[in-house]
Amino acid sequence: MNKLLVSDIIDLNNDICVLECQSDKLKIKSNGNCTIYLINQNINNLDILVNDNSSIKVYMINKNVNNNILINIIEGNNTNVDFRYTYINYNDYMCTINNEINGDDNHSNINIRNISKNGLSKSIINVYIKNKTKNNIGLEDLKGINDGGFVHIEPNIICLSNEVEANHLTTIGSIDKDSLNYLLSKGIDEENAKELLLKGFVYSNMDDYIKSMEVI
Amino acid sequence: MLTFENFSLKVNDKELFNNLNLKINDGEIHVLMGQNGVGKSSIAKALMGDSNYQVEGKIIYNNEDITNLSIYERSKRGIYLLNQSPMQIEGVTNAEMLRAALSSDTKTPLNILKFNKELESICESLELDKSFIHREINVGCSGGERKKIELMHMWMLKPSLIILDEIDSGLDVDAIKIVSNSLKKYYETYKPIMLIITHSATLINNFDNYFVHLLNNKKIVKSGDKTLAKEILSKGFKELSNTFAISENLENE
Chain A
281 MNKLLVSDII DLNNDICVLE CQSDKLKIKS NGNCTIYLIN QNINNLDILV NDNSSIKVYM
341 INKNVNNNIL INIIEGNNTN VDFRYTYINY NDYMCTINNE INGDDNHSNI NIRNISKNGL
401 SKSIINVYIK NKTKNNIGLE DLKGINDGGF VHIEPNIICL SNEVEANHLT TIGSIDKDSL
461 NYLLSKGIDE ENAKELLLKG FVYSNMDDYI KSMEVI
Chain B
27 MLTFENFSLK VNDKELFNNL NLKINDGEIH VLMGQNGVGK SSIAKALMGD SNYQVEGKII
87 YNNEDITNLS IYERSKRGIY LLNQSPMQIE GVTNAEMLRA ALSSDTKTPL NILKFNKELE
147 SICESLELDK SFIHREINVG CSGGERKKIE LMHMWMLKPS LIILDEIDSG LDVDAIKIVS
207 NSLKKYYETY KPIMLIITHS ATLINNFDNY FVHLLNNKKI VKSGDKTLAK EILSKGFKEL
267 SNTFAISENL ENE
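Protein sequence lines correspond, in order, to chains A and B. Going by my numbering, the first residue of the first sequence is number 281, and it counts up by one from there. Going by my numbering, the first residue of the second sequence is number 27, and it counts up by one from there.
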């Protein structure tokens, strides 16, 4: 896997790479089919501009988020965005994602997994589908686990067009008791069973590359 | 040996069983039969230690009172529940789970080569694709695949008391055959106690000898051998339960 050291702006063209950021701000311009990995990067501001007729997959994972983050994802026409972000917070944390769909024939999927170990983790996910656009799909799949701290998620899909498919799934809870009992019944003690379930949750929206890295 | 002594069972203050007594010797197969809603699955869950059930009386396993033991403590004593709709666990693979279970009580590291070989051979015998070893537990699997995966876990964990809760439900004829043969082979290899809950003859016909208990009205209304199973399956639960209840009343009078 290519690793790219980036300052604060990068142009991608059909790239699959791991980005290592030198700054707390990052602007990505994506063209063609791109897949990027952001692993334990402390970024405050992330802008993703997806060119027309392009697709991007973003796998972002952070085992201990320190700074609040603002993420802007901007799509034009005929784009496909699959944005996956997993994070664990040990302090109060705020994540804001604004996904602007400005043209036609776009597909956007925002997928969040958050474990709050301590403090309040607040995530506000906004998908804006602009007026006079058509054939757009906006999906939000947002899940949080209160594991010592508290998760707060606000899923917002603002549709100003009628020709749109929009859906959100938001779940916040603690470790599932039935799943825990299942693992206990296989002879795994409570501490290890919880660890397995949390690890499973963390990686549930990540791909095999991230899983193989054993980030968390 | 497994013994239920004056065993009463409640869930949400609803009484399911009252003063039930049952003794199962090592290596014996006992089949619980009864109408839907009579509480068969509740016995299975309570025996596994599900805290949603309130138990009075005692459950003794291998001369130890396990009534108040946790699910984990019971599983460490060799008790294993295989139920009709196994959980799916996102993000945790079968191999990860089995490694965690097998290495939890041993300080020596697991021999991964041996572990993988054993798992592959079990998959082969269950006609289960080897890719399931590294797939998430029961995620995206059909009913038949889930039952085979649970059997794969059973073969790896080698329990001494197996509770089968309607494991044959929803299986096609081929899958039932594979599941039945696997259970028979396990029984012949390790001679565990088996407590089988079922509505059909397909699974139990595979075993030569077993005991049958008909449950109704919060108790065992009739116990017998495999001929009782045949009688139940030909006449139906309702007719037989009523017959036995009438004869019991006459005896009491």
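Please keep in mind that the hints were generated in silico from the structure rather than gathered at the bench. Beta carbons: idealized from backbone N, C-alpha and C, even for Gly. Be careful, since some hints might not be right.
[What the hints assert, rightly or not] Computed beta-carbon distance windows for the label pairs:
(1) B:Asp131 with A:Asn313: 47 to 57 Å
(2) B:Asn47 with A:Phe430: 31 to 41 Å
(3) A:Glu445 with B:Lys217: 31 to 41 Å
(4) A:Thr451 with B:Asp198: 41 to 51 Å
(5) B:Asn78 with A:Phe430: 18 to 28 Å
(6) B:Arg103 with A:Ile438: 53 to 63 Å
(7) A:Gly312 with B:Thr132: 24 to 34 Å
(8) A:Thr451 with B:Asp234: 40 to 50 Å
[As the list claims (entries may be wrong)] One-sided and incomplete, this derived list gives chain B residues near chain A with beta-carbon spacing under 8 Å:
(9) Ile92
(10) Glu122
(11) Met123
(12) Ser130
(13) Leu183
Here is how each hint holds up against the structure:
| no. | hint | in the structure |
| --- | --- | --- |
| 1 | B:Asp131 with A:Asn313: 47 to 57 Å | holds (48 Å) |
| 2 | B:Asn47 with A:Phe430: 31 to 41 Å | violated (49 Å) |
| 3 | A:Glu445 with B:Lys217: 31 to 41 Å | violated (58 Å) |
| 4 | A:Thr451 with B:Asp198: 41 to 51 Å | violated (34 Å) |
| 5 | B:Asn78 with A:Phe430: 18 to 28 Å | holds (26 Å) |
| 6 | B:Arg103 with A:Ile438: 53 to 63 Å | holds (56 Å) |
| 7 | A:Gly312 with B:Thr132: 24 to 34 Å | violated (51 Å) |
| 8 | A:Thr451 with B:Asp234: 40 to 50 Å | holds (49 Å) |
| 9 | Ile92 | violated (14 Å) |
| 10 | Glu122 | holds (7 Å) |
| 11 | Met123 | holds (6 Å) |
| 12 | Ser130 | holds (6 Å) |
| 13 | Leu183 | holds (6 Å) |
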